[in-house]
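Chains as they are written, first to last, in UniProt numbering: chain C, 1 to 470; chain U, 1 to 470.
Just to be clear, a hint being listed does not mean it is correct.
If several chains are the same, the list does not tell them apart, and a pair holds so long as it fits within one copy or across any two.
Unchecked claim - Within a straight-line C-alpha distance of at most 25 Å, the following computed DSS-like cross-link-like pairs (lysine-lysine) qualify:
no. : residue 1 : residue 2
1   : K460      : K292
2   : K460      : K448
3   : K292      : K451
4   : K369      : K292
5   : K181      : K439
6   : K181      : K451
7   : K5        : K451
8   : K219      : K292
9   : K448      : K5
10  : K369      : K5
11  : K181      : K5
12  : K219      : K5
13  : K98       : K292
14  : K448      : K346
15  : K442      : K346
16  : K369      : K448
17  : K460      : K369
18  : K188      : K369
19  : K41       : K442
20  : K5        : K188
21  : K5        : K292
22  : K448      : K267
23  : K5        : K346
If you're looking for bench data, these hints aren't it; they were derived computationally from the structure.
The model shown is predicted, which means the values in this text are computed figures rather than measured ones.
Each chain, letter by letter, is given below.
Protein chains: 2
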Amino acid sequence: MPLSKDQIVPALVQLLGETGVVSEVGDMAGYVSEPRHRFHKQAQAVALPRTVAEVQAVMEWANEVGVHIIPQAGNTGLVGGQVPLFEDEVILSISRLKGVRNVDAAAGHMTLDAGTTLQEAHDIAEDAGMMFPLYIASQGSARIGGVLGSNAGGVQVLSYGNARELCLGVEAVMADGSIYKGLNALRKDNTGYDLKDLLVGSEGTLGIITAATLKLFPKPDAHETALLNVASPEAALELFAMMRARAGNTLTAFELMPRIGIDFQLKHGMMAQDPTAEMSDWYVLVEISVPKGGAAGGLSQAVESAFEAGLVSNGVIAETLSQREALWNAREQMSEVQSREGASIKHDVSVPVAAVPELIARGSEAAQKAVPGIRPVPFGHLGDGNIHFNFSQPEGADGMAFMDGADAVHDAVYAVVRDLGGSVSAEHGIGQLKTGLLKQVKDPVALKMMKAIKSALDPKGILNPGKVLG
Amino acid sequence: MPLSKDQIVPALVQLLGETGVVSEVGDMAGYVSEPRHRFHKQAQAVALPRTVAEVQAVMEWANEVGVHIIPQAGNTGLVGGQVPLFEDEVILSISRLKGVRNVDAAAGHMTLDAGTTLQEAHDIAEDAGMMFPLYIASQGSARIGGVLGSNAGGVQVLSYGNARELCLGVEAVMADGSIYKGLNALRKDNTGYDLKDLLVGSEGTLGIITAATLKLFPKPDAHETALLNVASPEAALELFAMMRARAGNTLTAFELMPRIGIDFQLKHGMMAQDPTAEMSDWYVLVEISVPKGGAAGGLSQAVESAFEAGLVSNGVIAETLSQREALWNAREQMSEVQSREGASIKHDVSVPVAAVPELIARGSEAAQKAVPGIRPVPFGHLGDGNIHFNFSQPEGADGMAFMDGADAVHDAVYAVVRDLGGSVSAEHGIGQLKTGLLKQVKDPVALKMMKAIKSALDPKGILNPGKVLG
Numbered sequence: 001m002p003l004s005k006d007q008i009v010p011a012l013v014q015l016l017g018e019t020g021v022v023s024e025v026g027d028m029a030g031y032v033s034e035p036r037h038r039f040h041k042q043a044q045a046v047a048l049p050r051t052v053a054e055v056q057a058v059m060e061w062a063n064e065v066g067v068h069i070i071p072q073a074g075n076t077g078l079v080g081g082q083v084p085l086f087e088d089e090v091i092l093s094i095s096r097l098k099g100v101r102n103v104d105a106a107a108g109h110m111t112l113d114a115g116t117t118l119q120e121a122h123d124i125a126e127d128a129g130m131m132f133p134l135y136i137a138s139q140g141s142a143r144i145g146g147v148l149g150s151n152a153g154g155v156q157v158l159s160y161g162n163a164r165e166l167c168l169g170v171e172a173v174m175a176d177g178s179i180y181k182g183l184n185a186l187r188k189d190n191t192g193y194d195l196k197d198l199l200v201g202s203e204g205t206l207g208i209i210t211a212a213t214l215k216l217f218p219k220p221d222a223h224e225t226a227l228l229n230v231a232s233p234e235a236a237l238e239l240f241a242m243m244r245a246r247a248g249n250t251l252t253a254f255e256l257m258p259r260i261g262i263d264f265q266l267k268h269g270m271m272a273q274d275p276t277a278e279m280s281d282w283y284v285l286v287e288i289s290v291p292k293g294g295a296a297g298g299l300s301q302a303v304e305s306a307f308e309a310g311l312v313s314n315g316v317i318a319e320t321l322s323q324r325e326a327l328w329n330a331r332e333q334m335s336e337v338q339s340r341e342g343a344s345i346k347h348d349v350s351v352p353v354a355a356v357p358e359l360i361a362r363g364s365e366a367a368q369k370a371v372p373g374i375r376p377v378p379f380g381h382l383g384d385g386n387i388h389f390n391f392s393q394p395e396g397a398d399g400m401a402f403m404d405g406a407d408a409v410h411d412a413v414y415a416v417v418r419d420l421g422g423s424v425s426a427e428h429g430i431g432q433l434k435t436g437l438l439k440q441v442k443d444p445v446a447l448k449m450m451k452a453i454k455s456a457l458d459p460k461g462i463l464n465p466g467k468v469l470g
Numbered sequence: 001m002p003l004s005k006d007q008i009v010p011a012l013v014q015l016l017g018e019t020g021v022v023s024e025v026g027d028m029a030g031y032v033s034e035p036r037h038r039f040h041k042q043a044q045a046v047a048l049p050r051t052v053a054e055v056q057a058v059m060e061w062a063n064e065v066g067v068h069i070i071p072q073a074g075n076t077g078l079v080g081g082q083v084p085l086f087e088d089e090v091i092l093s094i095s096r097l098k099g100v101r102n103v104d105a106a107a108g109h110m111t112l113d114a115g116t117t118l119q120e121a122h123d124i125a126e127d128a129g130m131m132f133p134l135y136i137a138s139q140g141s142a143r144i145g146g147v148l149g150s151n152a153g154g155v156q157v158l159s160y161g162n163a164r165e166l167c168l169g170v171e172a173v174m175a176d177g178s179i180y181k182g183l184n185a186l187r188k189d190n191t192g193y194d195l196k197d198l199l200v201g202s203e204g205t206l207g208i209i210t211a212a213t214l215k216l217f218p219k220p221d222a223h224e225t226a227l228l229n230v231a232s233p234e235a236a237l238e239l240f241a242m243m244r245a246r247a248g249n250t251l252t253a254f255e256l257m258p259r260i261g262i263d264f265q266l267k268h269g270m271m272a273q274d275p276t277a278e279m280s281d282w283y284v285l286v287e288i289s290v291p292k293g294g295a296a297g298g299l300s301q302a303v304e305s306a307f308e309a310g311l312v313s314n315g316v317i318a319e320t321l322s323q324r325e326a327l328w329n330a331r332e333q334m335s336e337v338q339s340r341e342g343a344s345i346k347h348d349v350s351v352p353v354a355a356v357p358e359l360i361a362r363g364s365e366a367a368q369k370a371v372p373g374i375r376p377v378p379f380g381h382l383g384d385g386n387i388h389f390n391f392s393q394p395e396g397a398d399g400m401a402f403m404d405g406a407d408a409v410h411d412a413v414y415a416v417v418r419d420l421g422g423s424v425s426a427e428h429g430i431g432q433l434k435t436g437l438l439k440q441v442k443d444p445v446a447l448k449m450m451k452a453i454k455s456a457l458d459p460k461g462i463l464n465p466g467k468v469l470g
């Protein structure tokens, strides 16, 4: 017999005090509603522990009485992993677990409480003269616990890796309230299974990350940034191989954009004029980070070679910081401008890097067959094989009706992704949005292993029920 | 009732044919004996499957009848993970699973069968104009399956990461014979738990890796290599921070060596003369990899700055490939020269990078207290916090008697390592050598999680019993 709200709230108040619990429906709105307003379920309460000991107390109680707990960090996730599904859950927000446990610039790591926002983490690194190179659009709100729980990516994965690779160790409260003490700052540690990487990306289903040790990197001396005209995704891929061969891991961004995205930005007043001197079907934004003591000018030499090789027909290299910003805006506005253009159907997919051109060609064709007039707007991290494969509604179409037909577009695109050995969730995870899809596409042995691990670490199914595994 | 050898051998012959099974004690010698000759147990048989289907058949049978299986790759492990412990085991050697499934230089990855040696993997990468940057002393014999199973490290972890970070996906046969198909070449994939990283480093206790997709990197244009005199490990650490700030991830090696290691090499004729113009208590070997199109001379500028800052008192920058080789020999002979100097007690440990000087100071003092006259020879990957903390016997001492007192030295060193938040096995793993130590030092919640995962994925305890978890 599950506990009622009348039993849950007083029990939480006893553990956390009056100010540690939110239970009025109106007050919970900011916790149960998520960025895209797709999921509309209520929670029993929101628990706001201030310390790891309080997180532990809540979990011991929840595991004892069988109350379901949803770990929530910045509430910026896009797949509903951090909001209710069954309405019997308590949201455990780690937003009050804020603080710096340790910063060691010389050794290249810092340890932060998991409620610290990503922007604050950037500032802490910056204050120490270093850099934490994980950049996502929601970094002002996203918190370290969620960034790790969802294994966030962003624009510099190419060179620095995703959240998993940027994390040396975590502390986590497990389903039964025990504390996994894995906060080490070691570059090498072969004493047993890789529990850190299991917790990172488990979307709050295996444990609640309460603190993390994160890698710090030296700040580059300068950035060299260019926006280049390329004829096709194939040419972009060839350019990528050339750039990477020249720049190695100083190549920190390689982003693809289609002409239609530039057209949208011009039309909706988000861009004053064409970014390069000639129009192009495709563009890439390339950035090289020049290390301290490294030679400047590497990008312009590389661009010259690419021009001579016929890979690039036109382009612009940023001469000033504001020019660099303008080029990045052209990339970063791609998502927002689509909402100004009407309804859009989105796919966060990845394929092996070499298969990106085929993904775009076949995926666009399949979607256009499913919905005549649909306008493909594929853009993103070509260097990671990770394309935000978005589709804007046909011009003049009804947005609602278009969205009602989204499943046919999803099916068309995911079929191509699967055929190319790709992933149906490159960055955003599974949450509650893609559990059905996961069952269809994932290797059945992998699913079985995941279920076995979930049962082993959370035998009562307390943490984030129904998420990831469905 | 466990099966007898008389039952096991015919069953294996039925699955693999006569040439797929080795069962005579003499013929098994190469499989049951390991590099350091510490472990001396026999096996029931050695199975030599040629295909993944044959691995699967052996595992289905073993899981059915309850025969213990030890996965073995190149048999180069140093902690006895790949050799018998109970004498009821069958060794399953993946040495015949050799081959290239795919190489895609442009996309930066290759997929190899797990029996391929690390040297062959280097050659395959090289033939494709790329580089697979994992270098260990045993690379001629070590095989990909073992490199991943033990999460091998080596000298370039600093820049490229260890085996785990160099692997994009694996295929593995699980304890029940099912095949985990995780061979993707994706840079980003957030569809569920990180099973790849769980299998990597699990030392054959969770599954048998049969193939892997590995990252390829552009070959650097050139290497700039120096051997530098530094006053102390503290000065070396300061130099490391400076070098890393200047060179970023083009700093591909930073290795510390004590004077005694140079003395040994001179004494035993492994080095003709002092490597630098003045003697020094400590040395570092620094290497920068210059990317294609990158500027040369970065190292000499950095060394000049370090000299001006008083961090470096003397040194030599390699002008030719043979000079570079000579500098690397000085580093790579450190281990071998110790065996020429008599008995030595070894520790493969890591601490947070900033704590390396304290580790060396306190660890040396503690060991000298335990065994007066003992000669500390700490060397290795300072940039990873990973020190091979070795101790040579007192001059003129009896080697056997010295080794009999090894436990006191281990206890002294590991106590310091633990106090500094370090790892008692940075590179080599746990195997059968360190299971007792693991129980003492590992976070009890982590141990409990590891046991739960082992039971979940191998409920009958078929794979590599007694290893890692004891």
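To see whether the hints hold, each was checked on the structure:
1. In the homo-oligomer, the alpha carbons of K460 and K292 never lie at most 25 Å apart, since the shortest distance is 52 Å inside one protomer and 55 Å across protomers.
2. Taking the shortest alpha-carbon separations for K460 and K448, both the intra-copy value of 17 Å and the inter-copy value of 16 Å come in at or below 25 Å.
3. Proximity of K292 to K451 under the C-alpha cut-off of 25 Å is found in neither arrangement, the shortest distances being 47 Å within a copy and 46 Å between copies.
4. In this assembly of identical chains, K369 and K292 lie within 25 Å of each other by CA distance neither inside one copy nor across copies; the values are 51 Å within and 44 Å between.
5. Within a single copy, K181 and K439 get their C-alpha atoms only as close as 32 Å, which misses the 25 Å cut-off; across copies the closest is 15 Å, which meets it.
6. Both within a single protomer and between protomers do K181 and K451 lie at most 25 Å apart by alpha-carbon distance, with minima of 24 Å and 16 Å respectively.
7. When the C-alpha separation of K5 and K451 is checked against a cutoff of 25 Å, the pair qualifies neither within a copy, at 29 Å, nor between copies, at 36 Å.
8. Proximity of K219 and K292 under a CA criterion of 25 Å is satisfied in both settings, with 8 Å inside one chain copy and 22 Å between copies.
9. For a Cα distance limit of 25 Å, the shortest separation of K448 from K5 qualifies neither inside one copy, at 34 Å, nor across copies, at 33 Å.
10. Within a single copy, K369 and K5 get their C-alpha atoms no closer than 49 Å, and across copies no closer than 63 Å, so neither meets the 25 Å cut-off.
11. Proximity of K181 to K5 under the C-alpha cut-off of 25 Å is found in neither arrangement, the shortest distances being 32 Å within a copy and 44 Å between copies.
12. Neither within a single protomer nor between protomers do K219 and K5 lie at most 25 Å apart by alpha-carbon distance, with minima of 50 Å and 62 Å respectively.
13. Proximity of K98 to K292 under the C-alpha cut-off of 25 Å is found in neither arrangement, the shortest distances being 32 Å within a copy and 43 Å between copies.
14. Within a single copy, K448 and K346 get their C-alpha atoms no closer than 29 Å, and across copies no closer than 41 Å, so neither meets the 25 Å cut-off.
15. For the homomeric pair K442 and K346, the shortest alpha-carbon distance inside one copy (20 Å) is at most 25 Å, but the shortest distance between copies (44 Å) is not.
16. Taking CA atoms no more than 25 Å apart as the test, K369 paired with K448 passes in neither setting, with 35 Å inside one copy and 53 Å between copies.
17. Taking the shortest Cα distances, K460 and K369 never come within 25 Å of each other, neither inside one copy (46 Å) nor across copies (51 Å).
18. Taking identical chains as interchangeable, the C-alpha atoms of K188 and K369 are never at most 25 Å apart, the minima being 51 Å within one chain and 28 Å between chains.
19. Taking the shortest alpha-carbon separations for K41 and K442, neither the intra-copy value of 27 Å nor the inter-copy value of 41 Å comes in at or below 25 Å.
20. Taking CA atoms no more than 25 Å apart as the test, K5 paired with K188 passes in neither setting, with 46 Å inside one copy and 40 Å between copies.
21. Taking CA atoms no more than 25 Å apart as the test, K5 paired with K292 passes in neither setting, with 58 Å inside one copy and 64 Å between copies.
22. Taking the shortest alpha-carbon separations for K448 and K267, neither the intra-copy value of 49 Å nor the inter-copy value of 59 Å comes in at or below 25 Å.
23. For the homomeric pair K5 and K346, neither the shortest alpha-carbon distance inside one copy (37 Å) nor that between copies (59 Å) is at most 25 Å.
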